[in-house]
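If you read the sequence shown in our numbering, its first letter stands for residue -18, the second for the next number, and so on.
Hints were generated in silico from the structure; no laboratory data involved. Owing to the predicted nature of the structure, the values given are computational and were not obtained by experimental measurement. Glycine is no exception: its CB is placed at the ideal position from the N, C-alpha and C atoms. Don't take every hint at face value.
[What the hints assert, rightly or not] Here are the computed distance ranges between Cβ atoms for each label pair:
no.: 1; residue 1: Lys50; residue 2: Gly14; range: 11 to 21 Å
no.: 2; residue 1: Leu(-11); residue 2: Pro48; range: 29 to 39 Å
no.: 3; residue 1: Leu(-11); residue 2: Lys50; range: 15 to 25 Å
no.: 4; residue 1: Arg28; residue 2: Phe56; range: 14 to 24 Å
no.: 5; residue 1: Thr36; residue 2: Leu4; range: 32 to 42 Å
no.: 6; residue 1: Glu(-5); residue 2: Phe56; range: 15 to 25 Å
no.: 7; residue 1: Gly44; residue 2: Arg(-17); range: 13 to 23 Å
no.: 8; residue 1: Leu(-11); residue 2: Glu49; range: 29 to 39 Å
no.: 9; residue 1: Lys50; residue 2: Trp25; range: 11 to 21 Å
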Amino acid sequence: MRFSWLNLQSVRSETGFEVQCVLRFAFEYREAGRVVTIGSEDGWVGRPVILIDPTAFDRWDDGTVIPEKEKGRLF
């Protein structure tokens, strides 16, 4: 999958979704006019990583539940 930079904090995938770092420990995933705000933590697994809670994609920010079949794709 290819990504293009939108600015120093944001990328857009060739399939249309965007990810933006909005705070030090928060990202926004945007797709088709919807947004999920994702909390994160810095971690170390033999190298620096970003840790994301597995429940991050349970709901869109508007409260709509994300179907189970979509969660894996978004994650």
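Hint by hint, here is what the structure shows:
Between lysine 50 and glycine 14 the C-beta distance comes to about 20 Å, which sits within the given range of 11 to 21 Å. Taken as a hint, the range 29 to 39 Å holds for the pair leucine -11 and proline 48, whose Cβ atoms sit roughly 33 Å apart. In this structure, leucine -11 and lysine 50 break the distance hint of 15 to 25 Å, their C-beta atoms being roughly 34 Å apart. One distance hint, 14 to 24 Å for the beta-carbon pair arginine 28 and phenylalanine 56, holds here, with the actual separation near 20 Å.
Range check, threonine 36 to leucine 4: Cβ separation about 19 Å, and the 32 to 42 Å hint is violated. Distance hint for glutamate -5 and phenylalanine 56: a CB-CB separation of about 18 Å, consistent with the stated range 15 to 25 Å. At roughly 32 Å, the beta-carbon separation of glycine 44 and arginine -17 lies outside the given 13 to 23 Å, and the hint is violated. Roughly 34 Å separates the CB atoms of leucine -11 and glutamate 49, a value that falls within the hinted 29 to 39 Å.
Distance hint check for lysine 50 and tryptophan 25: the Cβ-Cβ separation is about 32 Å, which falls outside the suggested range of 11 to 21 Å.
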